[in-house]
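Chain B: place on chain A using the hints.
Note that the protein sequences, when read in sequence, are chains A and B.
Note that the first sequence ends on residue 569 in the working numbering; no numbers are left out.
Note that the second sequence ends on residue 1290 in the working numbering; no numbers are left out.
Please note: incorrect hints may appear among the correct ones.
Each pair of labels, with its calculated beta carbon distance range [stated by the list, open to error]:
1. A:Ala14 to B:Arg1260: 29 to 39 Å
2. B:Gly1059 to A:Ala14: 50 to 60 Å
3. A:Leu541 to B:Gly1217: 20 to 30 Å
4. A:Ala416 to B:Asp635: 55 to 65 Å
Straight line, CA to CA, 25 Å or less: simulated PhoX-like cross-link-like pairs of lysine-lysine [claimed, not checked]:
5. B:Lys1054 to B:Lys944
6. B:Lys688 to B:Lys672
7. B:Lys1033 to B:Lys1054
8. B:Lys801 to B:Lys1119
9. B:Lys944 to A:Lys420
10. B:Lys672 to B:Lys606
11. B:Lys946 to B:Lys1054
12. B:Lys606 to B:Lys801
13. A:Lys417 to B:Lys801
14. B:Lys1117 to A:Lys417
15. B:Lys1119 to A:Lys417
16. B:Lys1117 to B:Lys1033
Bear in mind the hints are in silico, worked out from the structure with no lab data behind them.
Glycine included, each C-beta is placed from N, C-alpha and C at the ideal position.
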Amino acid sequence: MTVNGWIQILVFIALVVAVTRPLGGFMTGVFNGGRNLLSPVFGPVERGLYRIAGVDAKAEQHWVTYAVSMLLFSVAGMVLLYVLQRLQGVLPLNPQDMAAVPADLAFNTAASFVANTNWQSYGGESTMGHLVQMAGLTVQNFVSAATGIALAVALVRGFARASARTVGNFWVDLTRATLYVLLPLAFLIALFLVWQGVPQTLAGAVDATTLEGAKQTISLGPVASQEAIKMLGTNGGGFFNANSAHPFENPNALTNLVQMLAIFAIGAGLTNVFGRMVGDERQGWAILAAMGVLFVAGAAVCYWAEAQGNPAFAAFGVDGLAGNMEGKETRFGVAASALFAVVTTAASCGAVNAMHDSFMPLGGMVPMINMMLGEVIIGGVGAGLYGMLMFAIVALFVAGLMVGRTPEYLGKKLEAKEVKMTMLAVLCLPVMMLGWTAFAVVTDTGTASMANAGPHGYSEALYAYVSAAANNGSAFAGLSANTLWYNLTLAVAMLVGRFLVIVPMLAIAGSLAAKARAPASAGTFPTHDGLFVGLLVGVILIVGGLTFFPALALGPIVEHLAMSAGTLF
Amino acid sequence: MEAKTKKSGTEKASRAQASTLLDPAILGPAVAGSFRKLDPRVMARNPVMFCVEAVAVLTTILLLRDVATGAGNPGFGVQIVAWLWFTLLFANFAEAVAEGRGKAQAASLRKTRTETDAKRLTDPDATLGHGFNGGYDVVSATRLKPGDVVLVEAGDLIPSDGEVVEGVASVNEAAITGESAPVIRESGGDRSAVTGGTQVLSDRIKVRITAAPGSTFLDRMISLVEGAQRQKTPNEIALNILLAGMTIIFVIAVATVPSFAAYAGGSVGVLVLVALFVTLIPTTIGALLSAIGIAGMDRLVRFNVLAMSGRAVEAAGDVDTLLLDKTGTITLGNRQATEFLPLAGVTERDLADAAQLASLADETPEGRSITVLAKEKYGIRARDMAELHAFFVPFTAQTRLSGIDAEGTVIRKGAVDAVLAHAREQAQDSNRLVAAGRGAALRTATPADPAEREILTIAERVAKAGGTPLAVAQDGRLLGVIHLKDIVKGGIRERFAALRQMGIRTVMITGDNPMTAAAIAAEAGVDDFLAQATPEAKLQLIRDEQAKGKLVAMCGDGTNDAPALAQADVGVAMNTGTMAAREAGNMVDLDSDPTKLIEIVAIGKQLLMTRGALTTFSIANDVAKYFAIIPAMFLAFYPQLGALNVMGLASPESAILSAIIFNALIIVALIPLALRGVPYRAVGAGALLRRNLLIYGLGGLAVPFAGIKAIDLLVTAIGLV
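In isolation and in its complexed conformation, chain A is listed as follows (with noise of 0.2 Å):
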């Protein structure tokens, strides 16, 4: 570890603190409806939306109906998406005649982009055409994106009112996410990338004739525009297989700093948000709190375990002071491309800038644990949020009770239907990550896609199903997911990881809504303090993370420790 690979990471963590009280500022204008700074350029089109669906913007829903346009949405989403890929041969905007995607990856890559996680199963470039790349995927950058927002906003609107017997507009939330939060900003950071050098064209691939006079196709494309959503959106998929490792999505350390900033912004934001919502900044800072210990540490892990490079080179002379630089990009290095996956994990966007593959098996880890703790770390825009609040519920019905009252939570009583309805959305997530990982192991279809043998092979498995229904799309690269059986599970994976837990926490909205809010008093827990961020971290450690931890002790840790005795796998 050097002196310059910490202060990249304080600079990094400094820029993310910064930006959430402005953003959060903002957001919670927007979404408290109203005028704000964009209403004069964007008012008319939010209002011409509007009267083309016959969406009444001051009609506010019940949860279940809130639930059911969301539900709705996505599915009419995920069929517009599949019925492009499977008929981009016919359709224009396909300069390099990409035929139409197979059936399972074309179900596969609709759920996944839907559901926010943006799991590839195939290569960017090489499959699909600037139509499906534009209007498929990129679309469903924005809305899956905002509908996440959307979902945070609600349940905070939960906590917000009192006796109230509705959570918001979905239609409205949709919209003004997409309007006056995701587009401004993707326009400001595509033009950023545009500057430094990220193409931004309809033209199809150029061929350049290499030194030895080979001849290479360059795939060109609308990368700038796609990118800036991916990050912002949280989405991660990358235009090219290479994601931003490759030099045209990610050409510098400039653009990798600006990149992960994005990442983390709306994230952060939402939760001054949450703080501002509910009357007490304060509230949002704690759970940002919380998110920035577990970071820190995960941060430190991965780049301690990244910058120790392999035990078993040494045997060969060769220098281990640059760490391990196995399948990272030199323009990034050790701490920059540690940290990138850290980030990128924590929060459930997926983009990455070196193979996480390649990590030393501890430093693989960390992104595995980041994601198997439902990604709370910041986490996907507006998934982040209500995951984290939903641990809240499960840290405060444990050890509320210690001081003495029935658990509550910002005034609200938590009950047995918040309760039932967060261990539910808890529940998902290791059924998805652990079930299918325990199936995939023990069959040959499962098995057959592993790269390597032993426990990493292992990891490559778990980290695909973790990924998925964490609703990441990252990927261990080592497995080759484009099988039907891959790609049908994983899809499962991630569309329960994402609607599963959507509901409930809609759910528990709504009933948080209706309920009165009692004033604090000096009887009641305080939930802005560090004893309460310790609490959240220890409960989400405990109750999140314990679960998986005979799956990791025969994943990365044996790995680690038969490395440390000289066997590699």
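Chain B alone, transformed into the frame defined by chain A:
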């Protein structure tokens, strides 16, 4: 119950606890009860322990099969299976001990419910006075229906709950309250309720039965203390859902292990998987949860408070606002005269003399304190009414005056406006003028008469100081004002300060005018007050607080308190109160001591804290158990994982056995804590949380590491594996 003597509540509670934790009379039946409770139909109420029972049965069958076929290592298997059953028995034992304490009480209550005969009047309308013909049938008490009227005479047990409709009697209620001093029960007013099983000591009364057979107060009390009707409280239900959810998570974590192991080319035995599963699921809190609830109710019973539901006890912990009656709770029951304030031109001595004369026959504590003050200050001796040829004019709610009519002189004392009216009337009488516009004159802010103005000024001063002004007039001439002062109980200010630290707001309820109320409120240190409180105002106050999301506790005894008692989240009815009040509240205080509301809140909080502390402890325990079992489980095919054996346990078998033994023994070790409750202090939530998180959170992380290691050393030393 005869032997039960009554001391102050706290003393009584602590004494009772010391004796029952190790009481063999309870432990014996509890052991038997632990086995009876293995019935799956009983276990099904507790999802966590039901899972343990299911796997215990499964492993027992597998073990028997192995023994029959001679496969495996039966020595190790027998021990694991045995400890699984012990885990269950210990859990049942905890519940049985908690119930046992209530059962003992119920048994002694039942003795008082022995068959009594009732004297049912043939003519319910016959009055007890002269000409009472005494016509009644003797019927069994169990055949009495609501509406029957019975005669109860000295020495009789009151056959069932009812309302005194005629007569006055002294009643020994020791059977219910443990208080041996008799209480007066009389028809009309707020002291008319009688309880079945209590005994009339003197006189005779007519009682209209209000309870159906089998649902009398005593019946309910028995089933409550026995826990027979115990329903899970809302928080318990929610906690059970959480525990069940965690159990399912661990089912997944454990059930996927064989497949992962198979990939690695190894296998994990069923016994080991079961051991991992049972140690991971929250058995500690699952085993103790119901014991904690029963013990909490029991603590209230020991405190002579009956909670009609566990929900009420939980609500007590959540209370945000306490409505406390001023009289008896905040101030001593009686106001005392502290000062004579004469008008200009009247000497203090003359005023004292007249005031004493007016109070000679006044037996109220206030009246007596006036006589005493006059004697202390001016040496005026109390005179004999008969000698003065004086007639006492008692206080009535209409006149709001009392005094004497002696030869040629009329002295009155009472509420200031009433005395003013009286004085004016007297003066008008003497002037032979028509008493017109009297009331109107009184209502004007500044009366024309300077004496009246002066009286009102003095009275206002007294009221502002928290006192009650009593005006005195002799023969229509206003003399001055007596300052009656409320005496705030010693130490009450500190208790309110403690409540404030706990985040509880106290509101004083009083019939006094706002000025007086404000002064007393300031002196006692309550947060707010409701002056000139009517039952409607009280009910409105409760509704307002509840609309703000607050939980409200109050106590009351009169029929007109019933709506407020029913509306409050915690309504404590005094046992001396009316039947209506007792029906409306969700707790009954057998000692009829309104101050207890504060302790009831503390008991509710202690119950919740105990539940939270043990839940946290139970979940924190899992970390150590993972580190004990995971390396042991995979050691056969991944020897490298021995590095996770941070406790340095001797062998895989000893590690697994130690973990499961620890898991069982910790239940037994925590039974006393579950029954006694975690220590409770009236401090803010932040301080409570810090302390409890440190003890039960960090303690829960650390204790099992030490415990499992110690058991491992022992198990290895004895050579069990």
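Compare the structure with the hints numbered earlier in the document and write down the numbers of the violated ones, lowest to highest.
The structure conflicts with hints 4, 6, 9 and 16, although it agrees with all the remaining ones.
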